[in-house]
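Protein chains in written order, with the working numbering: chain A, 1429 to 1719; chain B, 3 to 316.
Just so you know, the hints here were simulated from the structure itself, not pulled from any lab data. Hints may contain errors.
To be verified - Computed from the model, here is a short list of chain B residues facing chain A with C-beta under 8 Å: (1) Leu-25; (2) Met-58; (3) Val-61; (4) Ser-78; (5) Arg-80; (6) Pro-84; (7) Ala-110; (8) Asp-112; (9) Ala-156; (10) Arg-274; (11) Leu-276; (12) Ala-277.
Unchecked claim - Some residues of chain A that are not near chain B, with every Cβ distance over 12 Å (derived): (13) Gly-1446; (14) Tyr-1547; (15) Ser-1638.
Note that the Cβ used here is the ideal one computed from N, Cα and C, for glycine as well.
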Amino acid sequence: MSRAEAAVRAPSPLWTLGLLRSELAITFRRWRTLALLGVLAAVPVLVGVAVRIETGGGSSPGHGGGGDGPAFITQITNNGLFLVFTALAATLPFFLPMAVGVIAGDAIAGEANAGTLRYLLVAPAGRTRLLLAKYAATMAFCLVATLVVAVSALAVGALLFPLGDLTTISGTRIGFAEGLGRALLIALVVAASLTGLAALGLFVSTLTNSGIAAMATTVGLLITVQILDQIPQLHAVQPYLFSHHWLSFADLMREPVYWDGLLKNLQLQALYAAVFGSAAWARFTAKDITA
Amino acid sequence: MDEGEGGVIHTRGLTKRYRGGQLAVDGLDLTVPAGSVFGFLGPNGSGKTTTIRMLMGLVEPTSGTARVLGHAVPRSSRAVLPRVGALIEGPALYGFLTGRDNLLRYDAADPAADPRTRRARVAAALDRVGLTAAAGKKAKAYSLGMKQRLGLAAALLQPRELLVLDEPTNGLDPQGMREIRSLVRELASDGTTVFLSSHLLDEIEQVCTHAAVMARGRLVTQGAVAELAAGARGRLVVTTPDAGEAARVLKEQGVGDVVADEDRVTGDPPERDLAEVNAALVTAGVRVRGFGLERASLEDAFVALTGEGFDVAG
């Protein structure tokens, strides 16, 4: 017992890491998470195969057929690397944030629903510590989900199309290695674009004891915001919608890089993370756990 | 030891009113002595679980104070809870994880738990509740009894000074109940204080040294089990083939509330010496097969205290 007491007095300085590791393992070992990642990995395959079939292999796509698909789609046949950009542009408006909404919405509410929340808290995980671990795990999921799309797209692009130097939006040519670097950077920016939604989902998750309700609410909010962002009359509020600057990642393909929209996006995400992170903390640390 | 004053659990005026206005716990003054096996009794809905949740820092009291192991909760929960093992309102498990991984997860949540000894402690806890063979099975495949044991194992991951067990034998078969009871006794003999809530009176009577009774959010009584049971008066029981005659004689002898049921006549014992009552029966020609005082059970005490049956939802 004296040993137990000594341990209580001196918790490990890495006190959050054990819980974070456990949280990551829980998140990524769930069948549901793997299914979400599987769907995300399938999107570039579909896009790549569709483009390949449409163009009959090699030749430039006809301008009459496509018109305005996701960004960069017309360039895929010249360079498979563009499939990475296309796939991210295709999944960012809905598929990626929906997956994040599921994970974030379920984070606290799912544990409450299963009753495991009370046992984590009497362990005692600590409410702030648990919330931090949950947010960190959700952000890790944002990154992994984005990388799954990017890596799947890169593999499909390399298989179906030629790789090589590429032309930026500004018309300059950059080497393949630098193009890969830009692709990685874009993936990181896309992952960062999702952190605001992750904080929002976590906040919603502290409001209810039903994981399903929290997931549905978060995804519903996402759809609502995406619709609001399309209504021209609402242009005054649109710069404050978390999805407004999402597609600014394409500016990383300019030469030189056009940072304005990118910075606005990152600032907006930080703002959402701060506001809804604080709200989630205030709610969760004061909540009666009755589930 | 810093919990000398007032016991392992000590509450003063502990009150919880939920947001709907429902008063779940009303001015609870509870003292759990160190080293006791403390039975916390009450019908469903009497406020037992809300009290336990307040003691574990899950629910904020509306007013009043609670101290666990000498520290105020919920303020010092972080310091107290690693020394407390708890089973609250049944087990809750991750169905997609194995039994062993469930325990690893709960242990990782405790910042005071040493990760180097984690696997060994998990194995020991599984062994203690007899789940070693099923440790690799997914928890969703567990029976209710196995889940209950796994929940107990989670409470035993570390040496604890206090175990809070809310209805630990719920869903167990008689054999499982016996095993849990012997486990509780074993833990208590190691010096662990056990706080055991139950709505099963015989369970409390079998394992507890002390008990408290709650009804409708209020504490009805608390004290040593023997004293509580002694508080309710026993019944005089006469076994005889001449029940009618016996009942008449007993009434003459000052026995109150006489009830004759076939060959059994019972009543509240009179003040006078029972030997004289027996002599009067024999003198009146009543053939007595058995004559004696039946000790009051805790159930009698409970009914006397609350004026209600036990399984009534409050």
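Now for the hints, and whether the structure bears them out:
At about 14 Å, the closest approach between the beta carbon of Leu-25 of chain B and any beta carbon in chain A exceeds 8 Å, and the interface hint on this residue is violated. Using the Cβ-Cβ criterion of 8 Å, the hint placing Met-58 of chain B at the interface with chain A is satisfied: the shortest such distance is roughly 5 Å. A hinted interface residue such as Val-61 of chain B counts as satisfied when its beta carbon comes closer than 8 Å to some beta carbon of chain A; here the least separation is about 4 Å, so the hint holds. For the restraint placing Ser-78 of chain B at the interface with chain A, the shortest Cβ-Cβ distance is roughly 11 Å, beyond the 8 Å limit, so the hint is violated.
Interface hint at Arg-80 of chain B: satisfied, since its Cβ lies 6 Å from the closest Cβ of chain A, which is below the 8 Å cut-off. Taking 8 Å as the C-beta contact cut-off toward chain A, the hint placing Pro-84 of chain B at the interface holds, the least distance being around 5 Å. Interface hint at Ala-110 of chain B: satisfied, since its Cβ lies 4 Å from the closest Cβ of chain A, which is below the 8 Å cut-off. The criterion of a C-beta within 8 Å of any C-beta in chain A is met by Asp-112 of chain B, whose closest approach is roughly 4 Å, and the hint holds.
With 8 Å as the threshold, the beta carbon of Ala-156 of chain B comes within range of chain A, its nearest partner Cβ sitting at about 6 Å, so the hint holds. The interface hint given for Arg-274 of chain B is violated, since its Cβ lies 54 Å from the closest Cβ of chain A, which is over the 8 Å cut-off. At its closest, the beta carbon of Leu-276 of chain B sits 50 Å from a beta carbon of chain A; the interface hint therefore is violated under the 8 Å criterion. Among the interface hints, the one on Ala-277 of chain B is violated; its C-beta lies about 54 Å from the nearest C-beta in chain A, farther than the 8 Å criterion.
Distance check on Gly-1446 of chain A: its Cβ comes as close as 4 Å (rounded) to a Cβ of chain B, failing to clear the 12 Å threshold; non-interface status is violated. With a cut of 12 Å on Cβ distances, Tyr-1547 of chain A falls inside the contact zone with chain B, its closest approach being about 6 Å. Interface exclusion of Ser-1638 of chain A from chain B stands, the closest Cβ pair being 15 Å apart, more than 12 Å.
The structure shown violates the earlier hints numbered 1, 4, 10, 11, 12, 13, 14.
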